[in-house]
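What follows is each chain in one-letter form.
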Amino acid sequence: MLKSRELFMISSACVFGILLVAINFADRFVTQLPENAKIVPMDLDSEFKLIAAAYASVVAPRVGKFDLGRAATKKEVAAWNRDISPDGTGLPVGSGDAIDGEEIFSERCAFCHGDFAEGLDNWPELAGGLDTLADEDPVKTVGSYWPYLSTTWDYVKRSMPFGYAQSLTDDEVYATVAYILYSNDLIDEDFVLSNESFFDVEMPNTNGFIIDDRKIAESHFWNKNVCMSDCKNEVKIIMRAAVLDVTPEDEES
Amino acid sequence: MADNFSDKKPSRRQFLAGAAALGTGATTAGSLSASDDDPLITEVQEWAQITGDGVDATPYGLPIEFEKDVVRRNVGWLTADTISSINFSPIHALDGTITPQGCAFERHHSGAIELRKEDYRLMINGLVDQELVFTYEDLERFPREQHVYFCECAANTGMEWAGAQLNGVQFTHGMIHNMEYVGVPLRTLLNEAGLNAAGDLKGKWIFVEGADASSNGRSIPMEKALDDVLVAFKANGEALRKEHGYPVRLVVPGWEGNMWVKWLRRVEVMDAPVESREETSKYTDTLADGISRKWTWAMDAKSVVTSPSPQSPISHGKGPLVISGLAWSGRGAVTRVDITIDGGKNWHEARLAQPGTKMALTRFYLDVEWNGVEMFLQSRAHDETGYVQPSKEELRKVRGLNSIYHNNCIQTWWIKSNGEVENVEIS
Numbered sequence: 000m001l002k003s004r005e006l007f008m009i010s011s012a013c014v015f016g017i018l019l020v021a022i023n024f025a026d027r028f029v030t031q032l033p034e035n036a037k038i039v040p041m042d043l044d045s046e047f048k049l050i051a052a053a054y055a056s057v058v059a060p061r062v063g064k065f066d067l068g069r070a071a072t073k074k075e076v077a078a079w080n081r082d083i084s085p086d087g088t089g090l091p092v093g094s095g096d097a098i099d100g101e102e103i104f105s106e107r108c109a110f111c112h113g114d115f116a117e118g119l120d121n122w123p124e125l126a127g128g129l130d131t132l133a134d135e136d137p138v139k140t141v142g143s144y145w146p147y148l149s150t151t152w153d154y155v156k157r158s159m160p161f162g163y164a165q166s167l168t169d170d171e172v173y174a175t176v177a178y179i180l181y182s183n184d185l186i187d188e189d190f191v192l193s194n195e196s197f198f199d200v201e202m203p204n205t206n207g208f209i210i211d212d213r214k215i216a217e218s219h220f221w222n223k224n225v226c227m228s229d230c231k232n233e234v235k236i237i238m239r240a241a242v243l244d245v246t247p248e249d250e251e252s
Numbered sequence: 000m001a002d003n004f005s006d007k008k009p010s011r012r013q014f015l016a017g018a019a020a021l022g023t024g025a026t027t028a029g030s031l032s033a034s035d036d037d038p039l040i041t042e043v044q045e046w047a048q049i050t051g052d053g054v055d056a057t058p059y060g061l062p063i064e065f066e067k068d069v070v071r072r073n074v075g076w077l078t079a080d081t082i083s084s085i086n087f088s089p090i091h092a093l094d095g096t097i098t099p100q101g102c103a104f105e106r107h108h109s110g111a112i113e114l115r116k117e118d119y120r121l122m123i124n125g126l127v128d129q130e131l132v133f134t135y136e137d138l139e140r141f142p143r144e145q146h147v148y149f150c151e152c153a154a155n156t157g158m159e160w161a162g163a164q165l166n167g168v169q170f171t172h173g174m175i176h177n178m179e180y181v182g183v184p185l186r187t188l189l190n191e192a193g194l195n196a197a198g199d200l201k202g203k204w205i206f207v208e209g210a211d212a213s214s215n216g217r218s219i220p221m222e223k224a225l226d227d228v229l230v231a232f233k234a235n236g237e238a239l240r241k242e243h244g245y246p247v248r249l250v251v252p253g254w255e256g257n258m259w260v261k262w263l264r265r266v267e268v269m270d271a272p273v274e275s276r277e278e279t280s281k282y283t284d285t286l287a288d289g290i291s292r293k294w295t296w297a298m299d300a301k302s303v304v305t306s307p308s309p310q311s312p313i314s315h316g317k318g319p320l321v322i323s324g325l326a327w328s329g330r331g332a333v334t335r336v337d338i339t340i341d342g343g344k345n346w347h348e349a350r351l352a353q354p355g356t357k358m359a360l361t362r363f364y365l366d367v368e369w370n371g372v373e374m375f376l377q378s379r380a381h382d383e384t385g386y387v388q389p390s391k392e393e394l395r396k397v398r399g400l401n402s403i404y405h406n407n408c409i410q411t412w413w414i415k416s417n418g419e420v421e422n423v424e425i426s
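Residue numbers (numbering that gives the first Met the number 0), protein chains in the order written: chain A, 0 to 252; chain B, 0 to 426.
Chain A extracted, bound-state conformation (with noise of 0.2 Å):
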C-alpha cells in the first residue's frame, strides 16, 4: 500500500514536471488568441491532478479479470463442442447398423483401411489383433487395442474421413462405427448401433490400461550413485544400425 502512494506521488510529479514544460513551450509557440476570445480563469492545480491520477491509473496492472474477449453463443458451443467422453457425454441422438456402415466405408474409408478395415499399405488396420498386445508384433486395432466405443466414434465423427473430416451425418457416423465394430466380431450384423446400444457394446481391452506408474515401477532411475569408473570389463558390438540399413539415403549423394 505504501509503496504504490509513493509510487503514485512519484509519477504525480513527474507528469506535473512534464506538463509545466509543456506549457512553458506551448506558451511561446501558439498563435496569440484572437481579441475577442474569453480567457476563463483555471484552477490550474486541481486539473494537473486529475491528469496525473489518470496517468497512474493507466499504468496500474489490472487486478482480476481483463473484460476481454465476447460470450460464446450457444449456437458456435454447439458447432466445436463435439467430444464424446467414455461415459456417452456428447454422443448425439441417431442410429445406424454395420449393413448401412458397410457401404459408407467401402465408399469413404476403405480407400486406406480396406475393404475390411484391415488397413492398406501402411495405414491404419482396424480390425483384427484380438489378444496380440503381448506378442512380439501386437496389432492394434479398434477392436484389439482402443478402450474405449466413445473415442471411435468422437474420432471418426470429428477427424475422419481422413482429407474431407466433419463430413459424415451423426447416423453415417453410428453405421460406421457399427461396420468397424462388425469388422472385430464384436457385434453381430443386425445390432443397431445407437446412443442407446451404445454400452450394449463390449470394448475387449477396456482394462488393458494403467495409470503411468513410472514413478514406482522405474523408481531404481532415480539414482544419485552412478558408476563412474570401472563399471564394466568388457564392451561388445551387439547391433549395428549399417547392418539393418533403414536409414533415408541423403538426396546430395
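Do not take every clue at face value.
Straight line, CA to CA, 25 Å or less: simulated BS3-like cross-link-like pairs of lysine-lysine [said to hold, decoys possible]:
{"hint": "1", "chain 1": "A", "residue 1": "K73", "chain 2": "B", "residue 2": "K203"}
{"hint": "2", "chain 1": "B", "residue 1": "K203", "chain 2": "B", "residue 2": "K293"}
{"hint": "3", "chain 1": "A", "residue 1": "K235", "chain 2": "B", "residue 2": "K396"}
{"hint": "4", "chain 1": "A", "residue 1": "K214", "chain 2": "B", "residue 2": "K116"}
{"hint": "5", "chain 1": "B", "residue 1": "K293", "chain 2": "B", "residue 2": "K357"}
{"hint": "6", "chain 1": "B", "residue 1": "K344", "chain 2": "A", "residue 2": "K235"}
Simulated from the structure, these hints should not be mistaken for lab results.
Following the hints, complete the assembly by docking chain B onto the known chain A.
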C-alpha cells in the same frame, strides 16, 4: 506418433553422410601444412574485390546456400502419407540450444493448415462461469510471458526400441525442437472465463483441440493447465510458422509434443478426460505383458551426443576434438551430463555450456584429445529430481520392446578409427 513402427520397409542403400568421402580429412580445409602458402590468403579473392548483395536483396533471409543440407528430413517408410507424418530436426548440424523455426521438426495429423489471424478464434467452454470467444487481437492484450522450452515428440527414438536402426542422430533424436516462446498463460484465459463453475479444481481436466481436420484433441489435468501451460503466438522472436501452428499453439512444458496442440481453437473445462484417439489408441505405451500405460505425459531426462555422430563424422583426424550434445528433462532442469568414450567403462562429467533450465535443452561439451582410437561414445543426463537417464537394457527390462513412445535410453555411437560413426548397440 507413427502408426506402425514394426511395419518397416528397408531402403536400398546405406547412409553415411559422406563420412567415407571425408575420411581422415587430409585434404580438407584447415589441414594445410605450415610451409604451404595458402592462396586464400596470398591471392586476392573475388569476394575481397567485388561487392556483395545490397540490403534490398533479401527482405527475409534463408541460410546461405552452403548450409542447404541442414534441413528437416523425413523417413518414408515410417508413415503412410507425409500429410500425417513427422520429420526430423537436423540436430547433428546445429549448436547452442535454440532450434531455428525453419528446420524445427514438424508433426501433422492432417497436414499444416493456413489459418489467418483474422480468421482465428479461441473458444473457452465447459465448466466455466462464462463461455468465451477470443480473437487473435484479444490474446495480444493479455499480459504475456516469455519462456524457452523443448518440444519432443513422444515417439522420438521410438524406432530404436528393438535395436539400433537409423544411422543418424537427426533420425534417432530429431523429433525435438527448442524455442523461445511468447504467449499468454492458459491460466489467465481460464480465469477470464471464470472457474467457479468448475467447483473443486482438483481432479478437473481441460480438453484442448486444434482447428485443423485432425483436431488432435487431448485432455490435460487442471493442475498442469493452471501451472505453466502457455498459449503461445511467437517463437524465437517472430510469429509461429505455419507448420508449428500459426497463429496460436499450446505449449505444454516438459510434456509430450502431441499435447502441444497447434492452431489451438478450443479449451473445454471438464470433470473427466475425454480419452480421445490421441490419448488411448496412440501415445500409450504397451508393456511386455500387453498392458499399456496411459497418461505418460512427462518426457524423462534424456541426452544424446550430436557430434560426432553418423551424419557428423570426425573429418579432421587426430588431435583436439569437440564432443557436443544436447540434454533435457521434462521433469525439470538438467543438472549434469556424463560422457563415456569406452562404452560405459569409465564416465567423465561434461561441461554444460550454460546451467540447465527447466524443460529446455541444455548444450554440453567434452573437449578431448583424440588419438584415433575407436570409441563407443555415450552420454547420460541427470535432472534436478535425481533422475538419471537409463541404458536401453535397463529400459527394456521394465518396458519390453513394444512401448513405441518415451524411449529415453542412452545412445551409443561407434566412432571408428577413420572418423566414421555408426549407430550401434553394445553389451
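Quick rundown of the hints versus the structure:
| no. | hint | result |
| --- | --- | --- |
| 1 | A:K73 / B:K203 | 23 Å, holds |
| 2 | B:K203 / B:K293 | 17 Å, holds |
| 3 | A:K235 / B:K396 | 19 Å, holds |
| 4 | A:K214 / B:K116 | 42 Å, violated |
| 5 | B:K293 / B:K357 | 24 Å, holds |
| 6 | B:K344 / A:K235 | 12 Å, holds |
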